[in-house]
Amino acid sequence: MKKSFHIVGMGRVGQTFAAVLPKSGRWKWAAAVSRKNKPGVLADYSANMIVPRIQDLPPADAVLIATPDNVLKNTAAQVAQLPWLANETLVMHFSGAKTICVLDEVVKCGATVGSLHPVFAFADVEKSIRELAGNLCALEAADAEGMTKLHELAEAAGLRAFEISSQQKARYHAALSAASNFSVTLAAFAQDLLAPLHFSDELVRELVSGLMRQSVDNLAELPPLSALTGPIVRGDDSTVEGHLSVMDEAERQKYRIWAAATLDLARPRLGSGQINALEKVLNLSDGKAH
1 MKKSFHIVGM GRVGQTFAAV LPKSGRWKWA AAVSRKNKPG VLADYSANMI
51 VPRIQDLPPA DAVLIATPDN VLKNTAAQVA QLPWLANETL VMHFSGAKTI
101 CVLDEVVKCG ATVGSLHPVF AFADVEKSIR ELAGNLCALE AADAEGMTKL
151 HELAEAAGLR AFEISSQQKA RYHAALSAAS NFSVTLAAFA QDLLAPLHFS
201 DELVRELVSG LMRQSVDNLA ELPPLSALTG PIVRGDDSTV EGHLSVMDEA
251 ERQKYRIWAA ATLDLARPRL GSGQINALEK VLNLSDGKAH
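If you're matching positions, the sequence shown starts at 1 in the numbering used here and goes up one per residue.
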């Protein structure tokens, strides 16, 4: 018999799971809380109920909270008001930063709680629906029963699950945010450096994303120090000096920050003379860029 689930918050994550979970044949989407009557790419799911308020949700086996982190606690408090919550009901959120502590009000009602954080960049709903399966996800639960229910959900979504404790959550999410968000910021910086060359947008994106993709592929096989390439790890201070000479002051400030961090990584592969030369070019003092 299929289990039913509700989704609270129909952004990109909510829409993706609303579409993916029923494909397993083990779950059916019962209802969703959304300010929109027909959210995004799920406009064809007219048979499913879209309600404006959490208190309008009918009984279900699971409530999946896909709201922004800042409103999770308030959302959980509203879910806790549902009269039909029971020990068998799973209430979970998708946040990688917040722990299950934000669901404490739900715990008081006797429901089982947990979190499932997909290690995936939900930039586009249709693409996410196609490509979510096969990716990793972190599971956090208060007890074995909750963890079992989360593993069932992860399997239904085609995700490869690993377990994490509440104490590990903040550092875990900081690391993933750095990998995902900072790489996009760095790509934007690289693209901005190319702007004066008046290349086409398509060429600029291909130049930057292509090289970044190669570096990421290398990181899948090698540790960062071995995967690192370029003038800094080669000790080519004259090349770095040439880079700085064609930048404006705002660009130089950003470049020096990234270069200083790269030099810290590259130190084991460099001689003391190379390190000193690079530090001089980058105007480093006590390991900090100025």
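Read the hints as simulated data drawn from the structure, not as lab findings.
Please read these numbers as outputs of a predicted model, since none were measured by experiment.
Any given hint could turn out to be false.
Quick list of in silico lysine-lysine cross-link-like pairs, DSBU-like style, CA-CA up to 35 angstroms [as the list claims (entries may be wrong)]:
| # | residue 1 | residue 2 |
| --- | --- | --- |
| 1 | K73 | K3 |
| 2 | K108 | K28 |
| 3 | K254 | K108 |
| 4 | K254 | K280 |
| 5 | K280 | K108 |
| 6 | K2 | K73 |
| 7 | K3 | K28 |
| 8 | K73 | K28 |
| 9 | K23 | K108 |
| 10 | K23 | K3 |
| 11 | K2 | K28 |
| 12 | K108 | K73 |
Hints, one by one, checked against the model:
A hinted pair counts as satisfied when its Cα atoms are at most 35 angstroms apart, and K73 with K3 qualifies at roughly 25 angstroms. Pair hint K108 plus K28 holds up; C-alpha atoms about 27 angstroms apart against a cutoff of 35 angstroms. For the proposed pair K254 and K108, the alpha carbon gap of about 49 angstroms is over 35 angstroms, so the pair is violated. Distance hint between K254 and K280 is fulfilled; the C-alpha atoms sit about 17 angstroms from each other, no more than 35 angstroms.
Restraint check for K280 and K108: not satisfied, since their Cα atoms lie roughly 60 angstroms apart, outside the 35 angstroms limit. Our distance criterion of 35 angstroms between C-alpha atoms is met by K2 and K73, whose separation comes to about 29 angstroms. Taking the CA atoms of K3 and K28, the gap is near 6 angstroms; set against the 35 angstroms cutoff, the hint holds. Taking the CA atoms of K73 and K28, the gap is near 26 angstroms; set against the 35 angstroms cutoff, the hint holds.
Straight-line distance between C-alpha atoms of K23 and K108 comes to about 33 angstroms, which keeps the hinted pair within the 35 angstroms bound. Distance hint between K23 and K3 is fulfilled; the C-alpha atoms sit about 13 angstroms from each other, no more than 35 angstroms. For the hint pairing K2 with K28, the CA-to-CA distance comes to about 6 angstroms; that is within 35 angstroms, so the pair holds. Of the supplied pair hints, the one linking K108 and K73 holds, its CA atoms being roughly 14 angstroms apart against a limit of 35 angstroms.
The structure does not agree with the numbered hints 3, 5 stated previously, though it agrees with the rest.
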